[in-house]
Amino acid sequence: MTEFTLYTFLAASLGLIAIGIGGVILSRNLFRIVLALSIAEAGGNLLLVLIGFRHDAIAPIIEPGRALTTMVDSIPQAMVLTSIVIGAGVQALALALAIRARASYGTLDMGIMRARMEADINRVAGAESAASLHAPASSSTLLTERKA
Amino acid sequence: MTSLDLLLILSGLTTLAGFAFGNHRAYPWLAGIVLTAQIVILASMPLPMAAGFGFEMFGHPVGWQMDGFGRFFALITLGAALASVAYTGGEWGERYAAGGKNLRWLHGALAGNVLAMLLLLASGDLIAFFIGWELTSWAGFLLMAQGGERALRAAMRYVPYAMAGAMAVLGGLVLSLTWTGTLDLSQLVMLVPGLANWKLALLLALFGTGFAIKMGLLPVHLWQTPAYAEAPGAATAFLGAISSRMGLFGFGLLLVKLITLTRLADLSFIDGLFSARDLIEWVAALTIVLPTFTALKQNDARYLLAWHGIGQSGYMLLGLVIGDATGSAGGLLHVFNHATYQAALVLSVFAVMHRTGTADLNSMGGLVTRMPLTFLVMLLGIIGLAGLPPMNGFVSKWLIYRSLMIEGRPLLFLMTVLGTLGTILSVYKLIHNTFLGQLRAEHEQIREAPWSMLVPMLALVALAFVTGVAPGLALNYVNEAQAALGLPVMAHTLGGVESPRGSLDMLWIVGVLFAGFGIGALLFYGAGGRSKRIHQLDNYAGGHFLSADVRYQYSDHFYAGLMHRIGPLYRGSFTQMEAALASANDLLASLMQAWYRQAVPALTLLIATVLGLAWMIWR
Amino acid sequence: MNHSVLALVPALPLLASFLLPLVPGAARRLVGPLTLLAVAFIGLNLWPLVQTEPMVLAVGDFAPPLGITFYADSVSALFVIAVALVTLVLWPWSGSDAGNLDRKQSLTLILAGACGGLAVSGDLFNVYVFYELAAVASFGLAAGARTAAAQIATFRYVVIGSLCSLLALLGITLIYVQTGTVNLAHLAQLAPLKLHNPLGLAAFFMILLGLGVKAELFLVNTWAPDVYATAEARVSGLLAGLVSKLALLAVVRLLVLIFPLPEARDALLLLGMLGILSGEFAAFRARDVKRMLAWSSIAQLGAAFVAFAIPGPAGLAAGLAVALHHLLVKPALFLLADRWGGSLAQITGAARNSPVSAGLFVLFILSMLGVPPLPGFWAKYLLLSGLAAQPEGLWWLAGAIILLTTVVEAVYLFRVIGALYGRDHTVTPKTQSATAVIGSGVFAAVLLAVAFSAPLLALPLNRMAVQMADSAAYIARVLPPVLPGVAP
Amino acid sequence: MLTRYSALIFAAGLAFMLFVLFSGLPLGAPGMVVGQAVLDRAPAEVGAANIVTAVVLGYRGIDTMGELAILFAAATAIGLVLGRSRGSRHCPPAIQPGGFILRAGNDMLFPLLLVVGLYIILHGHLTPGGGFQGGVVLAAAFVLPVLARPTDMPSHAAMAWIEGLAGAAFILTGMAALAYDRAFLAPLLGTGEMGALVSAGTLPILYLAVGLKVGAELASLLLSLTEEGGD
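Sequence lines, in order, name chains A, B, C and D. Just so you know, the numbering used here puts the end of the first sequence at 179, numbered straight through with nothing missing. Just so you know, the numbering used here puts the end of the second sequence at 1102, numbered straight through with nothing missing. Just so you know, the numbering used here puts the end of the third sequence at 744, numbered straight through with nothing missing. Just so you know, the numbering used here puts the end of the fourth sequence at 1303, numbered straight through with nothing missing.
Treat the hints with caution; some may be incorrect.
With a straight-line Cα cutoff of 20 Å, these simulated SDA-like cross-link-like pairs (lysine to any residue) come out [claimed, not checked]:
1) K686(C) <-> R154(A)
2) K682(B) <-> L653(C)
3) K682(B) <-> E648(C)
4) K450(C) <-> R1102(B)
5) K682(B) <-> G615(C)
6) K584(B) <-> A607(C)
7) K682(B) <-> G649(C)
8) K686(C) <-> V618(C)
9) K584(B) <-> N609(C)
10) K584(B) <-> L653(C)
11) K584(B) <-> F504(B)
12) K682(B) <-> A644(C)
13) K584(B) <-> H681(C)
14) K450(C) <-> A1084(D)
15) K584(B) <-> G678(C)
16) K450(C) <-> S1095(D)
17) K584(B) <-> G615(C)
18) K584(B) <-> W651(C)
19) K682(B) <-> W651(C)
20) K686(C) <-> V155(A)
21) K450(C) <-> G1096(D)
22) K584(B) <-> R608(C)
23) K584(B) <-> Y677(C)
Source of the hints: derived by calculation from the structure; they are not laboratory data.
Using the sequences and the accompanying hints, generate a full structural model.
Rendered as structure tokens:
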């Protein structure tokens, strides 16, 4: 693999990360957010594999009868395995949450869901929403002694 | 076990007992006996007296030690507590409990305050001091919060002030530790005056803010009036008598002992034109004048007295900061004097409230015929508060005036005189609207206050009178306090001061005063003693014909003419300042909440990451 | 004692959680508590051993830095004990649905195992794995309230969490490229040569953000109020009290061992200050107790970050004091907020029916405000004196911010006290549950015990800080003098 | 609008920052400090021909334990979120069964997938592959029939047993080392002959546990999602 390909891979992995993060920010749909996350994680994993690569080396598997040559770094490969598994678990969990939330709220739009969540929290707490306070929050403490 | 240990243990036990069975009939007796015993122990304690306990924290010993300065305040504390506890002993306590309130909390909090103050007054190092300080603040909060919903709100308003004060003190504590490496007061006394000017100024600002808040100095005084006025009667008396004096205690330590007055005068602001000492003197002077005139406008007797409590503390600080023998003696003596008559006044107001159910100065009057003894207490009390002979308030104020004149502070002297003028005006309003004039129809059936309430009140004014005639009794302890602070000690006699810079002999003055009364009486009766007794309802008629069923009481718009002149000067600036702070706080709070309500937190995260990385890479 | 007990700290709870669904009958309810007691026992036995000489385990007998090492000094031992006991107090004893109760118990055990792993791990990537494990378990627990709001809050938590994990992974990648190792001791050895440069700092910053999610670090803490408001009180207590501390500990290990640089400290200090400011002020405007506690917890952890930013043992002692104090106070407050989590109107007059709980609430609040002689005061004292001992500038600004925000904190916390003891209530307030009273009572007992024995505890605290600050000893203890097969 | 542009600009900025950071590094020729030492010593210490396996199960075995726990935690959390009681057999109502081709293909593929999965697992220490990869194939083998016959779900209880026992087997194998006074997860039973199926000590056992655990975990995870989708 030439230097050029290597840098292409680097650019690709960084691009994936950027695209993934941008996707998380720009999507309103829960499912797309999960997809974007997995893209970003793929970029991270690619990067991790990339740093263990050596120009002059083979895969780290010893074949009996073949002379020992240089091999690529095996530790990033082990780490990337772990990282992939972690990503899979988290994304599955996120999907499950999205499914349940859709069942409850009937939408996958993050903006709507957030507003509903906020309203739910306030309803349970018996509190007015912070946006609709008709007086400053501190009016109950500091200013009561002002003579009316 | 040293006698200081005994003193503190007794206080601790009283606190526990108060919380456990403060609602029992016998508790006030028990507490009274214990408090009396404590006064005896304290008064007979050889000084300085170290406590037998203490511990070491992060390499700094924490211990307690009582000196003359602390004892002076501690004696007043115990005395005020004794008067308050006695006051609750009878009908007042029964009515309080019947109103659905909890006597156990009241007594526990009261005793807890005493314990906290004793710990504070006996502190031997700054950590012990801070422990006492915080305990005093929050025990005070507990006491203030006892009087129902309005009191709770007033106590809530106290919270930010108290915490700001405590944090300022903590900041000062930490800085003194950083700069001197010690927290022990006896070592700090040697090390602090050697610090650079800016360090001293910072220490002064931090500690000073804390103490000023506790004392209710301008401009951080707003919490005090409602918090003290709305507390239950006995608590109001105690708080008004001594609680805020803890700030003065702190100032005594800070200004006189740690920073020293000479170093204080070195801290100049505008090319030596104006020193920190001048600043404090002027703050004290303004604290005398402004709250006194605010008191003049109050229509609630409790608030009126609470405002005077703030105003009078200005005299004490002023006397202390002038720092000569006479002035500091005056300032310290004023602490004691103020405690005696202020407690008596508050208790008398609450006695009236106990009978009439109101403290509104516009809905009383003429009660002198129904509650003559209470009237007597209030009369003597306001004479003391106004600083007139023969009560003790005169002595301390005289000492302060004298010192201001000798030390060459004519403007400050003018301010104190102005303050006294306001005091006289407003206390006259107090006694007139309560006791003089025509009795209201709804108060016809009022009886004198019960003896359980009268006895402490009378005892307090008696004390104020006796120490007015023979100030030497109190000046003994004042001298001790002066010596402990390292101030020049004022030589005194039983009747007052005997010095080339000016003498005062109260025995003579009172003698002359009473002789004058005697001569007047002789002249009056010698001339035939003609007098005409008229009905109470006639005394405002002023030539008009009013039938007996029309009540006519000049209480509303009292001093209408004066208010027409000076009314526009009341601006409510401090209240507005407080409101502005609260609004700014709210604005900031909304801004901060916006952070947690952002729709796309990932975006801010991304931006912050990029900026952070840029910082780390191209720093 | 065989050093492998260190491995049991994470392994035992994980084993128990794997087997828990398979245990038949009533014994199933005993698995978790017994496991946690066993871990606590290990921790208690560890404590005296590691006082002078930290314990090192090369997992799998692979010589460091080849394999993963576990490292236990007194701080680790203390946190192992804390993890086991706090989890035990906040254990999900009962639930309406048996199957879901199993799952919650499994997840809680996994959380305990992950936290134990974070306390003893001495390998950067292993820290990441345990951190992720804790993250997944806490996601599950947070969503365990099974309301729609909880699920959305958790989803947002997952998104932030995974993004930051990605950042942390990038940081670890950078460090690995630069040094070729992930062993903390080995990294500490190589750091002055290879990591004390912009690249290393960038890696630290990314890892800081990654691990900061759980530690409620400002920038990545937007999830906290919603999750704490919707999750079960027990879970909020675990997350705010326990998990945050272990994440913090991981960050501090990195800071002490690998990045003892002024820039890294500045980052911590700055983010900590912002955390304090934003948390305290946001809590000031909170309309319900749960979110108020969440914001105040953000602020307290900000204070812990500020404390740990102070160089030297003084900073570590202050940070440990602040963190441990918060560990004692916050879970108990969240336990009480289970019934009293709503608006102030809902809890007005609650002290009448539940005087003990109200008293406990006040006790915790006073300690949190730093009222002496409660432990919170000593923590604040250490923090402030540590800050004041630094040269002026940002450090003093941090001190000033702490002092000022305490005033704000006092206002909103006393508002709760005022409501609890208020009289004019419109709704009948809920009485406290027995579990909440007992649980918070345990914390209160420990708090008071600490308050009374504070002078005795100052010395061990200092020793712990000194031991933790000694990175040379860490390296010497873990790595053999000559590394096998590794060029220096 | 502002969000969109700033997101794009800063995402590009992040990519640029990372490029700046990584481009200065020795890509393609890493320093390999620990990596080289592992390559040198793994054959003697562990005896696995696949060095990655030696790292995954030997040098970084604890990480793998953590991974298993993460999968388990995720599956448990999903169970909690989706709200099935463990062991209950919930049948999604009214799903069309698969067509003939799907069913016949499934019947043919199922044994094949099983064999391939187990092969990959058991040869994990020799060839590329291993417990994770094989486990995924196994999971696929068990999920595929669900596509074909949605009404005929595999038993959750059986899954739970495999999940639990496989995970426990991993940890208990690790603990077995304690009995020999070795450290946790130390490889036992000798290294064996390099390249033989029975070699590398306990590694194949560990990998079998990993494979079963991963297979069961992924399968139950997918099944939970499938069931929910049917509602």
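Hint-by-hint comparison with the structure:
1. With a C-alpha separation of about 17 Å, the suggested pairing of K686(C) with R154(A) holds against the 20 Å cut-off.
2. Our distance criterion of 20 Å between C-alpha atoms is met by K682(B) and L653(C), whose separation comes to about 16 Å.
3. Note on K682(B) and E648(C): the hinted pairing holds, with a Cα-Cα distance of about 12 Å set against a maximum of 20 Å.
4. About 18 Å separates the Cα atoms of K450(C) and R1102(B), which keeps this hinted pair within 20 Å; it holds.
5. Restraint check for K682(B) and G615(C): the C-alpha separation of about 41 Å exceeds 20 Å, so the hint is violated.
6. Straight-line distance between C-alpha atoms of K584(B) and A607(C) comes to about 14 Å, which keeps the hinted pair within the 20 Å bound.
7. Restraint check: the Cα-Cα separation between K682(B) and G649(C) comes to about 15 Å, which is no more than 20 Å; the hinted pair holds.
8. For the given pair, K686(C) sits about 17 Å from V618(C) by alpha-carbon distance, which is consistent with the 20 Å threshold.
9. A threshold of 20 Å between alpha carbons decides the hint, and for K584(B) with N609(C) the separation of about 16 Å falls inside it, so the pair holds.
10. A hinted pair counts as satisfied when its Cα atoms are at most 20 Å apart, and K584(B) with L653(C) does not qualify at roughly 45 Å.
11. Distance restraint check for K584(B) and F504(B): the Cα-Cα separation of roughly 14 Å lies within the 20 Å cut-off, and the hinted pair is therefore satisfied.
12. With a CA separation close to 13 Å, the supplied pair K682(B) and A644(C) stays within the 20 Å bound.
13. At most 20 Å may separate the alpha-carbon atoms for a hinted pair to count; K584(B) and H681(C) meet this at roughly 16 Å.
14. Among the hinted pairs, K450(C) with A1084(D) is inconsistent with the structure: their alpha-carbon atoms are about 28 Å apart, more than 20 Å.
15. Taking the CA atoms of K584(B) and G678(C), the gap is near 12 Å; set against the 20 Å cutoff, the hint holds.
16. Distance restraint check for K450(C) and S1095(D): the Cα-Cα separation of roughly 16 Å lies within the 20 Å cut-off, and the hinted pair is therefore satisfied.
17. Proposed proximity of K584(B) and G615(C) is supported: the alpha carbons are some 18 Å apart, at most 20 Å.
18. The suggested pairing of K584(B) with W651(C) is violated, with an alpha-carbon distance near 48 Å, which exceeds 20 Å.
19. For the given pair, K682(B) sits about 17 Å from W651(C) by alpha-carbon distance, which is consistent with the 20 Å threshold.
20. With a C-alpha separation of about 14 Å, the suggested pairing of K686(C) with V155(A) holds against the 20 Å cut-off.
21. At most 20 Å may separate the alpha-carbon atoms for a hinted pair to count; K450(C) and G1096(D) meet this at roughly 13 Å.
22. Note on K584(B) and R608(C): the hinted pairing holds, with a Cα-Cα distance of about 13 Å set against a maximum of 20 Å.
23. Between K584(B) and Y677(C) the alpha-carbon distance is near 12 Å, which keeps this suggested pair within the 20 Å criterion.
Checked against the numbered hints given earlier, the structure breaks hints 5, 10, 14, 18 and satisfies all the rest.
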